[in-house]
Amino acid sequence: MSEELRVSPIETRGVAGKKRYAMVVDTRRCIGCMACQVACKAEYDTPLGVNRTWVPYKVVGTYPVVKKQFLPRLCNHCDDPPCVRNCPVDATYKVEDGGFVLQRYERCIGCRSCMAACPYNARFMLPSHRTYTPITNVVDKCTFCFHRVTQNMVPACVQTCVGRSRVFGDINDPSSEVSYLVARNATQVLRPEEGTKPHVFYIGADRNQTEFGRDAYRKPEVMDLDRAAFRRHFNI
Amino acid sequence: MGDYTWFHDVSWHASYAIYFFVIGICAGLAFLSYGSWLTPALRPLREKAAWGSLALLAIGGLLLIADLSQPLRFLNALNPFYLTFTSPLAWGALNIVALGIASVLYVLALRKGEGSEGDGQGRGKLLATITALLALGLPIYTGYDLTAHQSRPVWNTPIMPVLFVALAIASGTAVGSLLAGANEAARKVLHQYLLWSTAAVGVILVSILGTTNYGGSASELTFLILTTGTMGLIFVGIGILVGTAAPVALLLAPFGRQQTGLMLAAVLVLLGSAALRYALLMGPQHLQTLY
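Protein chains in written order, with this note's numbering: chain A, 1 to 236; chain B, 1001 to 1291.
No wet-lab data here; the hints were simulated from the structure. Since this is a predicted model, take the numbers as computed values, not measurements. Ideal Cβ positions, reconstructed from N, Cα and C, are used throughout, including at glycine. A couple of the hints might just be wrong.
Said to hold, decoys possible - Looking from chain A toward chain B, a few residues come up when the C-beta cut is under 7 Å (computed):
#	residue
1	P56
2	V60
3	C87
4	P88
5	D90
6	I109
7	C111
8	S113
9	A116
10	F212
To be verified - To give a feel for the contact side, a few chain A residues facing chain B, derived at Cβ under 7 Å:
#	residue
11	W54
12	R85
13	N86
14	M115
15	P119
16	P192
17	E194
Can you build the whole structure from these sequences, using the hints too?
Written out as structure tokens, the structure reads:
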């Protein structure tokens, strides 16, 4: 789908006078140190078991020709976000100037419709007990560090990325680094067929991780224990 | 070192399938109560079906509220300043409230004797019509609730609301068949309703399985999840074979026209429709948890 194609009035990519923040993840530079995941946890006190950003990896190839492929993941802050239109109470909304997809915790009823709508599994339910904050039992997600970006800082994960794998900026600004990277490199987004127009662009992402792999159904021995524990826990 | 896969929770758990099941029967009973105004043979079911529908609507509403992680905020879904009409859930919330009001008025009208043929018939019939139309909204909204999720195979098919309507008619008629007991005239009508609605469910399931099996990789994998292992036992075994094919075969046989046969078919349809709702809700979420 063409990046310039705009079909919904909610989309702000390429709209003059408006910011449209985006992230470029150069997977060639990711070393899998998980510092982004830790920085995010520290920034938001994200509880155990849930993450705003996470870095899954997959070992591809057959020994001795093997490589560990990383794919840092987070909310894609879609230009046409399905979570926003599926929320019955407008608890999820898109900031017009900037394109942040945010959550109103005090309004969320916890119907999990947004979680079902998100093709990227970027949303999660906060547990009922937390140590430092009373925000519980509502849906949460990555905010592109809205509070930092509005203070002219970059998101915590970008700030901490040791390999400069993550780059953040205004893609509507032709002189920004993200605009440069998107223009000069072959990039891809996750699940473009869903029409969500994600704004996390990957350079060098491996198709073993961006597509639904056969592993999802096949049962490699290494995943059996995890899979069984997960099924037991969620009773599925 | 193995892969590091981050497992995600499913969005909607099995309690949502129970809600689907309950409100499906609720809608089906509302149809039957309305049907009694058009088909004299169903007249003995009018009050029973109306009360049953109202009771199940109350149970379904409570289940839905209990399923929220912030149950006390359910009123937000009715707040005109918050309502987002692009969400099927917003329409569903309004539909449930409107149906609740209409059902109460209908039941009150029946209590006042307006359910009988005579002077008050016009009002009773009008309320039955309104109740049935609003009840039709329940399976449509729940089906659309799934359809609206563009990234989920099986859910994101236009036929899902139609399937839920067919399931509601089948499961409502199944409960009606159990309520009808030995009434032969009602049994004949219910036999036809149950046969055709269950057959319709079967046809829709076949078309869903076809499009899922020949879809993209996500659809194909969802097909595998739905047709093998435990989910296969629930979906194909209980949902399709025991709960759809077997009752249709039973209803086509002479035994299916007898009271015992119809009741047996009704129980199988109820079992199958519960299994189908569970599998259709959980199966397509399964793959997504691994992405």
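Honestly, which of those hints from before does the structure not fit?
Violated hints: 2 and 16; rest satisfied.
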